[in-house]
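Position chains B and C against the provided structure of chain A, taking the given hints into account.
Here's the letter readout for the chains.
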Amino acid sequence: MKNRIHPALIVITVLTFLFLLGPLVVIIGSALSDTSYLTFPPQGLTLHWFTNIFEVSAFTRTMGTSFMLAIGGTTVSMLIGIPAAYALARYRVELPAFLGNVFVLPILIPEIVLGFSLMKSLASGFGLPIIVALLIGHALIVLPYTVRVVGASLNSFDFSIEEAAVSLGCTRIKAFFVVVLPNIRAGIIAGFILAFITSLNDVSISIFLTGPGVSTLPIQLLAHMEQFFDPTIASASVLLMGVTVAVMAVVERTLGLTFLTK
Amino acid sequence: MSNQLRAWLIATPATLLVTIFLVLPVLATFATTFGDPEGPFATYSAFFNSRFRTTVLWRTMEVALVTTMISVAIGFVTAWVVARTPSRLKSLLIIAAVFPLLTGVVVRSFAWLVILGKNGVLNSFLLSIGVISEPLSMLYTQGSVIVAMVYLFVPLMILTLVGVLEGIPQDLTDAAASLGAPPAAAFRQVVLPMAVPGLIVGSVLVFTGSFTSYATPQLLGGERQMMMGTFLYQRAMVTFDWVGASTIAAVMVVVTLATVLTMSRVARKLNPMAG
Amino acid sequence: MTQSLTLENISAHYGSTQVLEDLSLHIAEGELVSLLGSSGCGKTTTLRLVAGFLEPTAGTIHLGDRDLTRLPAHARDIGLVFQTYALFPHLTVRDNVGFGLKQRKISSAERKKRVDTMIERVGLNDLADRHPANLSGGQRQRVALARALVIDPPLLMFDEPLSNLDAKLRVDMRVEIRRLQQANGTTALYVTHDQEEAFSISDRVAIMKGGRIMQLDTPEVLYSQPSSAFVANFVGFDNMVEMEVVSDTGDMVQAQMSGGSLIDLPKSRFKVPSKKFLFAARPEGLSVTTEESSIGIPTTLGMRTYIGRAYQYHCETEAGTLLANGPQATPRPLGQVAKLVPQPDQCCLLPIES
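Protein chains in written order, with the UniProt record's numbering: chain A, 1 to 262; chain B, 1 to 275; chain C, 1 to 354.
Source of the hints: derived by calculation from the structure; they are not laboratory data.
What you are looking at is a predicted structure, and each value in this text was computed from that prediction instead of being measured.
Note that CB positions come from ideal geometry on N, CA and C, so glycine has one too.
Errors might be hidden in some of the hints.
These stretches of chain B come out as covered by chain A in the derived footprint (C-beta under 8 Å, 3 or more residues) [unchecked claim]: (1) 76-89; (2) 248-254.
Lysine to any residue pairs mimicking SDA-like chemistry, simulated, CA-CA at most 25 Å apart [as the list claims (entries may be wrong)]: (3) B:118 - A:229; (4) C:102 - B:259; (5) C:105 - B:188; (6) C:276 - C:332; (7) B:90 - B:101; (8) B:90 - C:13.
Counterexamples of contact, computed for chain B against chain A with all Cβ distances above 12 Å [stated by the list, open to error]: (9) 51; (10) 101; (11) 129; (12) 134; (13) 169; (14) 235; (15) 260.
Chain A extracted, bound-state conformation:
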C-alpha cells in the first residue's frame, strides 16, 4: 500500500532493461534482413539466412557436436555430481569441510587457464582424442552447477524419510533411488538445465580443444565472424536464443523462475 519508489530510479531501471533486451532485438532484426550484410532495422524480410545455416556443413556439424557435448558432458557430471552432492549433504560430519570447495574449483580457476592446461596435458601430453578431452573439459566446468544445485535441494531434504524407508525394509541403495531421487527431482532438472546451457555456450574451454574436424558451434561462430559479416551468424544466434527460450520454459514449469535469484 505504501511502497513508493523514486521516479529517477524507475527511469534507470527502464533504461537498464532496454539496454539488456535491445541488443537481442537487434540480432533478431538483422537475422531477418534481406541483405547480404548485417543491418538493422532489417531491410526486407527473409528467412533465407536461417535455411543458410543448414546448408553450411560447418554449422550443422558443429551444432551436432555442441549438442552431443552438452548432453554427454552434463550426463557425466550428473552421474558423479549427484553422489558427491549427496555425500556432502548426508555425511556433513564425516567428510572434511574443504571437500565442498573442491567441487567448486572449476568455477574458481579461470576457464581459459583450465582450457589451456587441459589442452597441454590431455590432448598434447597424453595424446587423448580431442573429442574425449572436450567431453572431460565440459563435464568439469559444469560439475559445480550440478553439485551446487542438486546440493541445494538435498539440503532441504529431510533425511529421516530415507531412514524411514530403510526401517521399512529398503536397502540403502534402493532407498536412494526410490525415496531420495524423486524428492530432489526439481534440483536435478535445474542442475541439468544450467549445466546444459553452460556447456552449450562455452567458449573458453572449447577454444583450446578444437582441432581439425572437431569444433563446437560457438567456436565456429567466432571463427565465421572474423571472416564474414553476413546475417547467417545472426540467424544462428537467434537459433541459440531459441534454445534459451526453451530452457527457460522448462525451468519455469518445473521450478518457477524466481528459483534463479536464490
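Only chains B and C this time, still in chain A's reference frame:
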C-alpha cells in the same frame, strides 16, 4: 561399512575427476613456469619487465574494475526497484534479466559488433539524425569492450542483488521507520549495510568474470585491446610459446584467487549476521 | 509524556478485500488495551495502521491531539515491538537500542547515558556489545523492548511480542512488559491471539472478528458477561444450547431446549435477553448429578477424560454433545444416566444472532 568410508566412496568419482583433470593439469601448467634455466622466477621477472605484458595486465585490471563499478551502480538500482515491484511484473523483469544471462557470450558480444560497427546500428542512427557526419570508429576500443562486458555481467549482478535485497525482512525497514528514520536514513543505516556482503559477492563474480574473459575482448577489443584471456590464447595457439602462456595463466590464477579470498574474508567480516 | 490514542471510524482494504470495517477505539492515557482475536481478524492491520505502515481508506487516528492519519511512519513517534523482534542484525545491542535516539539527533553523550540506563533496566548489561545473532530469544525480546522504550514514546505498541518464546519465558516476559509499561505510565496497544496473555496484562481487551471489535471491556467483564455467542465461545463457554421461554412464573423462567426438555432458570441468577436465546456454559458450569429430584439437562455420560483438576465428561444430550466437569473424588462410569445442573456463575444467557 563405516559412514566415513561410505561417504568417501560416494564422493570419490567427483573428487577424482577434479583432481586428475583440473588440479594436476593446472599444477603442471604452473610447474612449467619455474623451469627456466635462468632461475625459477625468470619467466615472472620477464613478464613484469615487459612493457607490453604489464600493459595488458593493467588494462585487463582496469577494464574489469570499471566493468565492476558500472555493473554495481546499474545493478543495485535495478535490483532495488525489481525487489520492490509487485510480484507479477517482478517475474517478468526477472525473466528479462535471466534471458540474456542464459544466452551465450558469443551471441551477446556479437550483438555489440552489429551495434558499434562502422556501418552499425548506432552509427547509422547518429548519421541519420545528423549528430555526426562521419561514422565513428567505436569498435576495438577499451570503451567497446567495457560496454559489452557490462552488458555481459549486469544481469548476474541484478539477480544476485535481487536475492540479497529480498532477503532483508520488511520488518527491519518498518522498525527503522517506527524509530524515526526517514526512508533515506533507513536505506543508509539498515538496507545498505545489510546488502554489503551481497554487493561484495556480486562484485567478485563480475570482476573475476571480466578479468578472465576471452570471447568479448577477442571480438570487441581485437589485437589492439589485448587482454589477459586473449593474450594467453595468442601466446599458446598462435606463437606456441607455452611457457609464456603458462606464466600468463599463473598470473591470472593468482589475481583471481587473491581477489576471491580477500573479498570473501572482507565479506565475512562485514557480514551482519556474524558476531 | 504519555498520550491517549483515538481511532475513529477506521476502514482499511487490501486490494478489494475489506479488512477493517468502521472501527473506533479509544485508549486512555496510561492504559494498556489488547486486541485479541484469531489470525485474519484485523488486529495486526489495526496496529500497522497506527504505526503508519498502512493507510486507512476512511477514518482518522489521533495521538493526544496530534492527527496521525496521513503522517509518515517515521514521524509518528511510537515505540513498536515486533513479533520477529526486527533487531538490526548488523548492529550491536547498544546500537540497536540507540537507533531511535540517533534519528532524533540526540547528542552521543546523552544517548550513551540513556541507552546504558535502559539496557540496565532490562537486565542486559553484560550483552551490550553483542550482535543479535548471539542472543537467545528472551534476550532479543528484551533488546526489542528496550529499543522501543528508550525513545520515551507517548504510545507503545506490541505485535504478538511473545509468540516466538517458549511457555515459561512467555509468562515472565509478559509480567516484565506490564511492569515497564506501568512504571512509565505509557499508553499501550497490545496485539495477541493468546487469551490468557491478553487477560493477564490488560486494563481492557478488545475481542476482534472479521475486521470489527465484537466486545471491548475489562477482562473480568469479558470473562463473566460476554455479549455475544462469538465472545462467549472465545472466552471458554464451550457449551451452547438454543432455548425458548415457555412460561414465566414470577421468580422462575421455564425454558424449552431444542430437543424438547424443559429447564427452570431462577430469575435472580439469570437475565433472559429475549424469548428465544442461547444458553452458554463452561464445562465447569454444568455439574453432573444422579439425584432424581434435581432440575437439569438429561444426559447419558460418554467418554471421560482427566484434565488435572477434574474429570471432563462428553455428555450425550438431546441438544448434542455437551462438556461437563465432575469432581475427581467420584469418577462416573460410561453410559450412566444423569442430569447436568447449570451453575449460574459459570453460565450466561445470550441473544441469538441472525
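Results of checking the hints against the structure:
Here's how the segment 76-89 of chain B fares: 6 of its residues keep a CB closer than 8 Å to some CB of chain A, so the rule of at least three is met and the hint holds. Here the segment 248-254 of chain B counts 3 residues with a CB under 8 Å from a CB of chain A, which clears the bar of 3, and the coverage holds. Of the pairs offered as hints, the one joining residue 118 of chain B and residue 229 of chain A holds, with about 12 Å between alpha carbons and a cut-off of 25 Å not exceeded. Distance hint between residue 102 of chain C and residue 259 of chain B is unfulfilled; the C-alpha atoms sit about 36 Å from each other, more than 25 Å.
As the CA atoms of residue 105 of chain C and residue 188 of chain B are separated by approximately 16 Å, the hinted pair is consistent with the 25 Å bound. A hinted pair counts as satisfied when its Cα atoms are at most 25 Å apart, and residue 276 of chain C with residue 332 of chain C does not qualify at roughly 33 Å. With a CA separation close to 17 Å, the supplied pair residue 90 of chain B and residue 101 of chain B stays within the 25 Å bound. About 23 Å separates the Cα atoms of residue 90 of chain B and residue 13 of chain C, which keeps this hinted pair within 25 Å; it holds.
For residue 51 of chain B, the non-interface assignment is confirmed: its Cβ lies about 23 Å from the closest Cβ of chain A, beyond the 12 Å cut-off. Its beta-carbon lying about 8 Å from the closest one in chain A, residue 101 of chain B breaks the requirement of being farther than 12 Å from that chain. Separation of residue 129 of chain B from chain A is adequate, the least Cβ-Cβ distance of about 15 Å exceeding the 12 Å criterion. Under the 12 Å C-beta cut-off, the non-interface status given to residue 134 of chain B relative to chain A holds; the minimum distance is some 19 Å.
With a least CB separation of 15 Å from chain A, residue 169 of chain B remains clear of the 12 Å interface cut-off, as annotated. The claim that residue 235 of chain B lies off the interface is violated: its Cβ sits roughly 9 Å from the closest Cβ of chain A, which falls inside the 12 Å cut-off. Here residue 260 of chain B does not stay apart from chain A, with its beta-carbon only about 6 Å from theirs, under the 12 Å limit.
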